[in-house]
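Given the coordinates of chain A, work out where chain B with the ligands should sit on it, guided by the hints.
Residue numbers (this note's numbering), protein chains in the order written: chain A, -7 to 432; chain B, -7 to 432.
All clues stand as given, with none of them false.
If chains are identical, the list can't say which one is meant, so a pair holds when it fits in one copy or spans any two.
No more than 30 angstroms apart at the CA atoms, straight line, and that leaves these computed lysine-lysine pairs for DSBU-like:
id : residue 1 : residue 2
1  : LYS18     : LYS176
2  : LYS379    : LYS296
3  : LYS151    : LYS138
4  : LYS131    : LYS379
5  : LYS18     : LYS155
6  : LYS296    : LYS318
7  : LYS287    : LYS176
8  : LYS18     : LYS151
9  : LYS138    : LYS314
10 : LYS18     : LYS131
Simulated from the structure, these hints should not be mistaken for laboratory data.
None of these values were measured; they are calculated from a predicted model.
There are 2 protein chains.
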Amino acid sequence: AFLNPQPSSMASKSEPNRNPKYDPRKPHITDTPISWQNWYQHVNWLNVYFIGGIPLIGCIAAAFTPLRWQTALWAVFYYFCTGLGITAGYHRLWAHKSYNARRPLEVFLALCGGGAVEGSIRWWSRDHRAHHRYTDTTKDPYSVRKGLLYSHLGWMIMKQNPKRIGRTDISDLNENPVVVWQHKNYVFVALGMGLIFPALLAGLLWGDFWGGLVYAGILRVFFVQQATFCVNSLAHWLGDQPFDDRNSPRDHVITALVTLGEGYHNFHHEFPSDYRNAIEWWQYDPTKWFIWTSKKFGLAYNLKQFRSNEIEKGRVQQQQKKLDQKRSRLDWGVPLEQLPVMEWDEYVEQTQNGRGLIAVAGVVHDVSGFIEHHPGGRAMIASGIGKDATAMFNGGIYNHSNAAHNTLSTMRVGVIRGGMEVEIWKRAQSEGKDANYLKD
Amino acid sequence: AFLNPQPSSMASKSEPNRNPKYDPRKPHITDTPISWQNWYQHVNWLNVYFIGGIPLIGCIAAAFTPLRWQTALWAVFYYFCTGLGITAGYHRLWAHKSYNARRPLEVFLALCGGGAVEGSIRWWSRDHRAHHRYTDTTKDPYSVRKGLLYSHLGWMIMKQNPKRIGRTDISDLNENPVVVWQHKNYVFVALGMGLIFPALLAGLLWGDFWGGLVYAGILRVFFVQQATFCVNSLAHWLGDQPFDDRNSPRDHVITALVTLGEGYHNFHHEFPSDYRNAIEWWQYDPTKWFIWTSKKFGLAYNLKQFRSNEIEKGRVQQQQKKLDQKRSRLDWGVPLEQLPVMEWDEYVEQTQNGRGLIAVAGVVHDVSGFIEHHPGGRAMIASGIGKDATAMFNGGIYNHSNAAHNTLSTMRVGVIRGGMEVEIWKRAQSEGKDANYLKD
Ligand code: HEM
Ligand code: HEM
Ligand SMILES: [Fe+2]
Ligand SMILES: [Fe+2]
Ligand SMILES: [Fe+2]
Ligand SMILES: [Fe+2]
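Chain A on its own, in the form it takes in the complex:
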């Protein structure tokens, strides 16, 4: 339950999210199959209220609240602040330690991130680390393997068995005073930054308290939540997999646009401690730009970045994998070791009996069906029949393309014993001609 205050659980370092009322010896509701009788017990009603109920109230209230342009601008601006609280703060700073932040930036991100109403840094990061470590397994708290909707919000709306979710080390977060403070006072942070502050600001500056509450508070929370939830759903469902296709994370510009740049998620799961998600300058990653700018102002430092050599290696390997898959679906001709072995004289004899055979590089090819289709004309290809056409084919007359070599390999019917040149030399020797040819 992402809005449950859990002060007592702070004692146990590894399981910060267990409700104090939870007794590990009693069977958990998730162990009972869902049915018409018990379905309401499976639902986390508090979260239903926060994710669905409040926005609904917001929509109704909006019908009675005129939208002033100052409030509209403020809502959009505050949307970006609280969004960055999640992406630059919760995600890249605390869950992944991809850079270090000075205290003022930490406080800003902890407050703004709280205003997105998605749980405390501590709770969020613990689940997110489990998500990375156990991606797509049953220990993944929001595994997309359970469905797109489940990964988007089902995992919050339905009760979870706390034993199921993979454990991760969050000792670093337990040592961070900002994180601990935010966790202990999470209800006040969420209400204060989520609703009261945006309403107060609009009320004090341009006298639109209710507009501030409805638009910059309630409805803005709804949009920020849905946008950041997309990192768990859309980013594991839509797009390419340039680095690894064994797991679900994917790269897509649409996800990036929705999530303040968290859409290059295949990259991110491969290189989680890189402060960037988009590595090209022309890709949309405002979270990266924000971190980079913070560094210029001395508020962030130690920005981590994987070597481009390692990144490109990953790309090459994935491309290789795809290429190998494509290759294996094509016909590359009978492998040489599966071909019958022929004598040179046998080959020549068969062509004298009318078979359209051509020997190239020690391999006999049946070109009968191709003679009429030969791009270089009938006469050219016919001139190779019954001969060693290796040289003709490879530049003696015409240096054939790759395509020609590929076509040729599908026509294999036999291998000549000992290779052809040797055969010819042997014959020459036994016939006493050209014997000096062998001597030099």
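Leaving out everything else, chain B with the ligands in the frame of chain A:
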């Protein structure tokens, strides 16, 4: 000279384009270097007149000739007819025999192609076959290696040494009555179909003889010539090389748009006897559509097509080549055989002396510089130091990504003699413990 009538040369089958005045024993002008004294002798003035002079006259005449809409439509329509005469006729039918045409279609293409004023079928196809067989070499009549402008029209404007251009077999064309007839009467065909017919048609149907001559005749010839010349220039200069990058032909949609679909030229040089240039349905290849439609009307048959297996094989090979180039520019770590061999005890000892070494799969890695950057945290990676971390690294604790394996390989510093497990087993045995472990 593409407009020279050469009746007498018909006698010699292999060299149909030699001017009867040409004497092979006298030195040819192209053997003399170009200079301020002799440059005008190097120029083929007749072609300058046809390619540059006539269009110039056309432009001047156009300034005095009002353009009527019927004439404009007719000029565009006739542009497509004469363009197809070259692409579907000269090129794909006669030069490449990529399909067969019934007599009426042959006559149509021979007449329309003549109306493009680019020389006779026989002359054009002979040069084109040499272009394919000797692409990019000195025997290529319009090699792009001599410059883009040369391949576009320089080769026609400058005199050529007839001995230079590669010889090709055109016996099939010499046996074709339509081709021979068109060659013998080429001057009449070119003047008749290039200028007189478009003018007469406009004159008789809507009384615009001069408009027909200037717009559907002269200027239309200019545009058709420039467009089809692009196959020799642009198609060897602009675009991708999905099938082979050893030669100059390239694929580009712009070239396709300009040349009635001849823009997929990398494909075309690989698969010249395929009646298609664009193999995807959504690519622009009106010449292919024309041939396909002719087939539906029973005018064309035996349309040749390479097997898609062969086409895809070419693509895979070219992709592999590019991938290998990319791979070779990356650092893949010191190869195992170049690493020093260490004893297991040596490895353990060094870590006790403070070196951050981790052994994975029999290889020792120096991770000192990476401990602080480890995405899984300091504690995790430190727990592997001085141990056999093979299992931990490969799923025992966390199943590392490709990226992690790649990073690891750049940290290699040694190989453990005999592999690690063996070392441990040996020790166990010598110490008398777990000996039964070895027995099963
Ligand atoms: C051994 C005697 C052969 C000779 C002398 C010969 C000669 C030629 C020549 C001169 C060309 C150039 C045609 C042009 O582009 O205008 C050509 C093209 C071609 N030939 Fe052959 N050929 C021979 C055998 C074969 C065989 C056995 C194959 C079967 C796979 C083959 C496949 C091709 C292909 C696919 C082309 C199109 C251009 C290319 O892809 O390189 N040829 N050949
Ligand atoms: C041998 C002891 C090691 C242990 C127990 C260990 C453990 C872990 C764990 C638990 C994670 C998951 C972190 C998360 O995604 O939240 C992780 C990630 C990672 N570790 Fe290690 N690690 C070890 C050694 C190494 C070494 C030697 C390297 C050096 C290349 C390395 C490179 C990485 C990388 C790149 C990641 C990011 C995720 C990924 O690419 O798979 N680890 N490690
Ligand atoms: Fe993810
Ligand atoms: Fe992440
Ligand atoms: Fe070409
Ligand atoms: Fe061609």
